[in-house]
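Residue numbers for the sequence shown follow our numbering, beginning at 405 and rising by one.
No lab work stands behind these hints, which were simulated from the structure alone. Worth double-checking, as some hints may not be accurate.
[Stated by the list, open to error] If you anchor each label on the Cβ, the simulated ranges turn out as follows:
1) Gly514 <-> Tyr422: 43 to 53 Å
2) Leu573 <-> Pro450: 38 to 48 Å
3) Cys551 <-> Ser465: 21 to 31 Å
4) Glu512 <-> Gly549: 15 to 25 Å
5) Ile475 <-> Ser508: 17 to 27 Å
6) Leu457 <-> Ile546: 17 to 27 Å
7) Arg463 <-> Thr536: 15 to 25 Å
8) Cys551 <-> Ser445: 25 to 35 Å
Note that the Cβ used here is the ideal one computed from N, Cα and C, for glycine as well.
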Amino acid sequence: MSWVNYILPLLVGVLILYAALKKVPVFDCFLEGARENLSLSISLLPTLFALLLMIGLLRESGAITLLTEWISPSLTRLGFPSECIPLALLRPVSGSGSLAVYSSVLEEYGADSFAGTVASILQGASETTFYTIALYYGAAQIRNGRCTLFCALSGDCTVFLLSTLLVRLTGA
Numbered sequence: 405m406s407w408v409n410y411i412l413p414l415l416v417g418v419l420i421l422y423a424a425l426k427k428v429p430v431f432d433c434f435l436e437g438a439r440e441n442l443s444l445s446i447s448l449l450p451t452l453f454a455l456l457l458m459i460g461l462l463r464e465s466g467a468i469t470l471l472t473e474w475i476s477p478s479l480t481r482l483g484f485p486s487e488c489i490p491l492a493l494l495r496p497v498s499g500s501g502s503l504a505v506y507s508s509v510l511e512e513y514g515a516d517s518f519a520g521t522v523a524s525i526l527q528g529a530s531e532t533t534f535y536t537i538a539l540y541y542g543a544a545q546i547r548n549g550r551c552t553l554f555c556a557l558s559g560d561c562t563v564f565l566l567s568t569l570l571v572r573l574t575g576a
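All chains, full assembly: derive it from the sequences and hints.
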């Protein structure tokens with residue numbers, strides 16, 4: 405067993421020892437923090453439920469497929485691989501859904517293919533925008549996000565378009 409395996413238990417032990425020396429009721433503080441996190445989790449459930457419902461509706465209704473077919477001609481003219489369009493559409497909405505699409509692109513075309521490399525950049529450099537905004541704004545009880553969604557989706561679109569350009573420029 406390596407010394408690395410002892411870092412976390414050692415850190416926890418040092419924190420408990422320090423708290424005991426400062427006469428901090430460690431267990432009571434732990435319970436209070438757990439109670440606050442539980443109430444926060446319960447208050448976030450409706451937001452997460454609505455988001456998961458929308459993701460399920462998008463997948464099952466065929467909206468992703470329809471949207472892919474609709475925008476595919478425009479994006480393929482720009483050099484974006486058509487195999488990655490469902491990933492680009494699903495990534496801002498669902499991490500698990502985009503991971504499934506990403507895995508299928510890698511299985512079908514390989515990690516070293518053009519589509520596989522673009523998909524890898526998309527998966528690594530973009531964010532599950534709607535989930536992140538819903539979760540963090542819900543936790544902070546922010547009701548007016550102003551320009552957050554527009555800016556975040558602009559960032560995602562930039563990643564989508566630049567991923568293709570970068571792969572073409574590097575010859576990967």
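Going down the list of hints, with the structure as the test:
1. Range check, glycine 514 to tyrosine 422: Cβ separation about 52 Å, and the 43 to 53 Å hint holds.
2. Taking the beta carbon of each, leucine 573 and proline 450 are about 45 Å apart, inside 38 to 48 Å as hinted.
3. Look at cysteine 551 against serine 465: about 29 Å separates their beta carbons, and that is inside 21 to 31 Å.
4. Judged by the Cβ atoms, the range 15 to 25 Å given for glutamate 512 and glycine 549 is violated: they are separated by roughly 37 Å.
5. A hinted range of 17 to 27 Å for the beta carbons of isoleucine 475 and serine 508 is consistent with their spacing of about 19 Å.
6. Checking the proposed 17 to 27 Å range against leucine 457 and isoleucine 546 shows it holds: the Cβ atoms sit about 21 Å from each other.
7. At roughly 19 Å, the beta-carbon separation of arginine 463 and threonine 536 lies within the given 15 to 25 Å, and the hint holds.
8. The beta-carbon spacing between cysteine 551 and serine 445, approximately 28 Å, falls within the hinted interval of 25 to 35 Å.
In summary, the one numbered hint that this structure violates is 4.
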